[in-house]
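K.L.:
Knowing the structure of chain A, use the given hints to seat chain B on it.
There are 2 protein chains.
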Amino acid sequence: MKISEIGGEFELIKRLTDKEVRDPDIIKGIGDDCAVLRYTKEKYLLITTDMMVEDDHFSIKWHTPFQIGMKLMEINVSDIISMGGSPKYAFISLSIKKDTTVEFMEELYRGIYESAKKHNILILGGDTTHGTEYTLNLTLLGEVDKQLLRLRSMAKVNDLICVTGNLGGSTAGLKLLLKNKKGNLTKYLEPKSRTEKEGKIIAKYANAMIDVSDGLSSEVKHICDESSMGAEIYSERIPLSKTTIESSDSLNLDPYDFALYGGEDFELVFTIPKENIEKLKKEFSDFNVVGRILEKKNGICLLKDNKKLEPGKGFDHFA
Amino acid sequence: MKISEIGGEFELIKRLTDKEVRDPDIIKGIGDDCAVLRYTKEKYLLITTDMMVEDDHFSIKWHTPFQIGMKLMEINVSDIISMGGSPKYAFISLSIKKDTTVEFMEELYRGIYESAKKHNILILGGDTTHGTEYTLNLTLLGEVDKQLLRLRSMAKVNDLICVTGNLGGSTAGLKLLLKNKKGNLTKYLEPKSRTEKEGKIIAKYANAMIDVSDGLSSEVKHICDESSMGAEIYSERIPLSKTTIESSDSLNLDPYDFALYGGEDFELVFTIPKENIEKLKKEFSDFNVVGRILEKKNGICLLKDNKKLEPGKGFDHFA
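Protein sequence lines, in the order shown, are assigned to chains A and B. Following our numbering, the numbering of the first sequence begins with 4 at its first residue and continues without gaps. Following our numbering, the numbering of the second sequence begins with 4 at its first residue and continues without gaps.
Please keep in mind that the hints were generated in silico from the structure rather than gathered at the bench. Treat the hints with caution; some may be incorrect.
Unchecked claim - Quick list of in silico lysine-lysine cross-link-like pairs, DSSO-like style, CA-CA up to 30 Å:
| hint | chain 1 | residue 1 | chain 2 | residue 2 |
| --- | --- | --- | --- | --- |
| 1 | A | K149 | B | K17 |
| 2 | A | K307 | A | K182 |
| 3 | B | K159 | B | K203 |
| 4 | B | K178 | A | K17 |
| 5 | A | K184 | A | K200 |
| 6 | A | K17 | B | K64 |
| 7 | A | K64 | B | K17 |
| 8 | A | K277 | A | K46 |
| 9 | A | K64 | A | K159 |
| 10 | A | K182 | B | K200 |
| 11 | B | K5 | A | K101 |
Next comes chain A alone, as it looks inside the complex (with noise of 0.2 Å):
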């Protein structure tokens, strides 16, 4: 039977993995951004990794090692950071070509090392082997303060859902590499975490976080499926710096589409009791408000034109 069959390998992965684990030592298992242990009594342990492959999440025509050595960093670094957490440890396994360069493996470590070091993070350890392609795993480990721990599941009717920075410039570059035109390509080709200061600063006062791998519709799912919520999303409201916008007129393309279905922001979306909106902007201000979280009843909708699109009618949660 094929994958597509049964919906998907994240179906599919879903259907073969035992969600229901039973440990006092895990808080969190598998259905966040990190897995959550037991660690100090002040702190739970963080667990993510995350894998790219060669001409899927990297291409050797388009980035520098050092490019994909640095992206490989910020991808986990993001999923610690969505959870209000610190990074520590890294863990890197890589499959390398047969007639890969010492220039190169020197470049891709420079770019680990860049964002290891922005982000304090050590590298403890890894493996390294041979394919015909280049495959690259990080296992990254971080710790939470237990009062700052986010999870998608923590998301509360009425809360706001805000979204940091600015959305669809990764999409946009790509966009652009694909059709060799020119224009920003560093959203795609330099993708940054937030830092752990201002994941922190969220944290403090947000309930639900999650970082922009899959796309601002994709996460905001992830977050009602975890908290047994619906959602409405302000399309007009999604901010988009003027690079993205110049892409996608030269594209001829909508960069709300990039911001919803696109993915690879890095940006932190979270939900956020109104009340806590000032108190945020005082020590955090580059965020917008984006939707807001409704009772499961209501579905997630999309409200664009002063329309109300529904899933599968004109509104794809991974289109």
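P.N.:
What follows is chain B alone, placed relative to chain A:
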């Protein structure tokens, strides 16, 4: 520059990674089977990661998906056991081919869970993506009683070098497959880690410990390097199974070479003070003495047919 020009990627990674990490929470970073971190009052946290690539670590011509899944778990478990630890939590990253069937994935996960259940491991996360070949990565967390932690660096002069079970069976199976010959393939197709219970019993009496992933010769060298010691290995005392000898006869090859330079046997190599041998035998007897730890100035040598073979002269560390 080619990686081979600077001594292979093992040497390259050594150069590229920062071995001098200063952090009071790190008991051991790069350079052992697992990283060792501060954890609870009585225990350390262990972390290991291993990557398997199609046509390098397994072949879908020879291995069933069930066997591939089991191997992925067992090779990581073996790293935890060899530190005196208990495996606990696994994180699995898979890069799968586009035409992968549901049935293949079900069998792969059945193998993963079969081994996980045997060793009391819970699967808490992972990542699934696409590639043109199968690449599988597993990160395994475990814990170890502080007094049972056994590092490669703990060998002492005059310790006896011992090995559990028998060696060379995995390489014998691989060679048979490569030559299209019949014989016992189980040790190659279904490598098994020693159990947590066995590892802990040995850890009570042993000084240094490591598992056989690259062959006895290489593992003894790792222990000597990390402990600043030399060693002599008694070739004729290396335990071989009847089927390994049969296979080597039919291949017209030396079975001791399989044991010394083959690898993937996942038996335990440990160094133990002579006076502890009898105590260990009362609790666990499936081991043989195959050598002795010497002072560093003696280097590492192999005693074979009453001759002393030095590295590069009849004896290679990584042949």
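K.L.:
Give a verdict on every hint.
P.N.:
How the hints compare with the structure:
1. A:K149 to B:K17: 36 Å, violated
2. A:K307 to A:K182: 28 Å, holds
3. B:K159 to B:K203: 19 Å, holds
4. B:K178 to A:K17: Distance ~38 Å between K178 of chain B and K17 of chain A Cα, so the pair is violated.
5. A:K184 to A:K200: 36 Å, violated
6. A:K17 to B:K64: 28 Å, holds
7. A:K64 to B:K17: It holds: about 28 Å lies between the C-alpha atoms, which stays within 30 Å.
8. A:K277 to A:K46: 28 Å, holds
9. A:K64 to A:K159: 45 Å, violated
10. A:K182 to B:K200: 59 Å, violated
11. B:K5 to A:K101: 9 Å, holds
In summary, the numbered hints that this structure violates are 1, 4, 5, 9 and 10.
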